[in-house]
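Protein chains: 2
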Amino acid sequence: MSLTIAALREAPGENRVALSPEVVRKLVKGEFQVLIETGAGDRSFYPDAVFEAAGAKICDRQAAIQGADVLATIGQPGKDVVDQLKAGQTLLGLLQPLTDLDYVQELAAKKVNALAFELLPRTVSRAQTMDVLSSQASVAGYKAALLAADRFSRYLPMMITAAGTAKPTKVLVLGTGVAGLQAIGTAKRLGAMVSGYDIRPASRGEVESLGATFLTTSVSATGEGGYARALTPEETAQQQAELAAFIAQNDVIITTAQVPGRRPPLLVTQKSVDAAKAGTLFIDLAASALGGNVAGSQPDKTVTTAQQAQIIGAGDMASQLPASASDMFAKNVQAVLTAIVQDGKLVLDVDDEVIGELLATTNGEIISSRVRDALKLP
Amino acid sequence: MSLTIAALREAPGENRVALSPEVVRKLVKGEFQVLIETGAGDRSFYPDAVFEAAGAKICDRQAAIQGADVLATIGQPGKDVVDQLKAGQTLLGLLQPLTDLDYVQELAAKKVNALAFELLPRTVSRAQTMDVLSSQASVAGYKAALLAADRFSRYLPMMITAAGTAKPTKVLVLGTGVAGLQAIGTAKRLGAMVSGYDIRPASRGEVESLGATFLTTSVSATGEGGYARALTPEETAQQQAELAAFIAQNDVIITTAQVPGRRPPLLVTQKSVDAAKAGTLFIDLAASALGGNVAGSQPDKTVTTAQQAQIIGAGDMASQLPASASDMFAKNVQAVLTAIVQDGKLVLDVDDEVIGELLATTNGEIISSRVRDALKLP
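Protein sequence lines, in the order shown, are assigned to chains Y and G. Using numbering that gives the first Met the number 0, the letters of the first sequence correspond one by one to residues 0 to 377. Using numbering that gives the first Met the number 0, the letters of the second sequence correspond one by one to residues 0 to 377.
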């Protein structure tokens, strides 16, 4: 008896799909059956026929939910799905276990095993192949630089023509994690004059190796797990003031600073936005319902200031490069499956340093210490 | 007494402006006064204040029209402008003298001097600094490659990540004139696997020097003035059949083939469009009211086929990079002004090998032999 993996059509606005034809091909060669909901890959340009050719069975939503031993998903499945889940089924995806506590409690109550990518221990090297946050941030950084190039009113590269020379565009990337580095690399490819800013001084080497200038302020804040720590109000004010000078010297500003589970830090103040000259472009990858890195940014909207600067709230960039993003996501899913299946059976080892962390709930219990902390459980 | 140059706010949908702040600065240092209509630069992110700081006088539309010795324009000014023009005034821009014969006859009747960039002798080397078709095609090619990168569902470059390797996207550029070469160069910068096709075998060197693969068919058609000649129906059929094989092997197809004053050649047949797999992206730079290079393309629209391929009608790409495109256009305008002003006076020398060609009408007469041919005048 083989295990069945299923993927559903995601919610409207989410273009990705949690399994790709390439990964399906590998899964069916192994010990898995694969169910794909009709139309699940449409928005990633993977039609049903392509999944079918890869060995998946195309079925309706209910059949996919009910037939799945493991349901792979990009975002939280909605109430229609959760209502149908049964004890012992496993859910794997971005389940927001630290910010949507009701949801994780409901999964526990239903005795669903919930593997949440947000809980992955990102500094353990064998977890890297499962790191959805990293793979999707990389897509987002690439896409942000392209969006900048497409929306900005000038050439990014220097151009030498019969009619004269155009200067290269100055691009500043705030936050040089995975997304920031990929944005820097892509803007450099396009010939822009790029600088990267981070409050972690250790980022200098990575930024400079891409041929960009490294900027930092007098505030330094290396934190846990590779993230920056949260700053004090005094440090924040000092950082914002020092950043304002960098911002004023650039044409395109891409911001990527996120602190897991918290409001993103405000890096570009209203004063900097108001001072920005006509045509300046801000791309805020942290734009979310919680706020963003740029004052006044709104998720999925372009805001034009009185001075004709533009602020693009670009929190869902990975979904905008859906085929590549799905490919990467699916490979991360496959890596988790490889880790949790032994001899054709699902083994969720709570003592494993990776899987034990990834597991939010199993057997009706919330076992993740991070989720328990958030719920103030002992 | 100095000469006055003016630029107006262009028609809706046209984001460019015919003079840039940089060129205004140079003109006012010389022997010119400059009038800019209120808001003319808004859509290029050049606010009135920036033009004013450069030395222009900001005024209303009527004052700009009436005060101009030379009116520089991107596209044909509308009836409201033409009605106000007086004998002896000079109009300089893309005036469609070969395709809109009524318009050029009206300018002649009003004794307006019309300098039309479409008539520039493009193979004369001193005309290169005035070559608007070339400068704007260069912008369009750059923008087409960026649009492709932004709209395509996958990474253009090869990506090596913890979760695996993504293959580079295959980009095919049909027509390797100025726009095509710039599209090739930009797609190469982004890391795509690029090939360029042209029916002029002499293009091979330019394409290969950009690191792209040169493709050609058994049909060869070098024509006049650097353009390809029009093909016979038999040659067209043969070319289309041979191209179909190239198209089927690529993910992104950018088409740039234009023949001045004629319907653009159909390079991608309906059969090729229908055979294209999901996600294939066609960008048709020749898309116009006359038709385009891709079957079914529509100007300024995205058409999705039954197989989920996309066809983007991208005939106005230069207008979508408005600041850089305006800068280049304005430099071309400045080069013409330099050629037609001597000792502070306008001298339109009909015997000059460049200006004589550029002039469609002067002193109430249509003097361009190309326009006279189109009008069947002796």
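Source of the hints: derived by calculation from the structure; they are not laboratory data. Note that this is a predicted model, so its numbers are computed, not measured. Incorrect hints may have been included.
Pairs involving identical chains hold if they fit within one copy or between any two copies, as the list cannot separate such chains.
[What the hints assert, rightly or not] Cross-link-like lysine-lysine pairs, in silico, DSS-like; alpha carbons within 25 Å at most:
no. : residue 1 : residue 2
1   : LYS110    : LYS300
2   : LYS187    : LYS169
3   : LYS85     : LYS276
4   : LYS344    : LYS56
5   : LYS110    : LYS78
6   : LYS166    : LYS25
A quick look at each hint next to the structure:
In this assembly of identical chains, LYS110 and LYS300 lie within 25 Å of each other by CA distance neither inside one copy nor across copies; the values are 39 Å within and 50 Å between. In this homomeric assembly, LYS187 and LYS169 come within 25 Å of each other (Cα to Cα) both inside a single copy, at 10 Å, and across copies, at 21 Å. Proximity of LYS85 and LYS276 under a CA criterion of 25 Å is satisfied in neither setting, with 56 Å inside one chain copy and 38 Å between copies. With identical chains, the CA atoms of LYS344 and LYS56 are at most 25 Å apart within one copy only, with a shortest distance of 21 Å there and 79 Å across copies.
Taking CA atoms no more than 25 Å apart as the test, LYS110 paired with LYS78 passes inside one copy only; the shortest distance there is 16 Å, against 74 Å between copies. Taking CA atoms no more than 25 Å apart as the test, LYS166 paired with LYS25 passes between copies only; the shortest distance there is 18 Å, against 48 Å inside one copy.
Checked against the numbered hints above, the structure breaks hints 1 and 3 and satisfies the rest.
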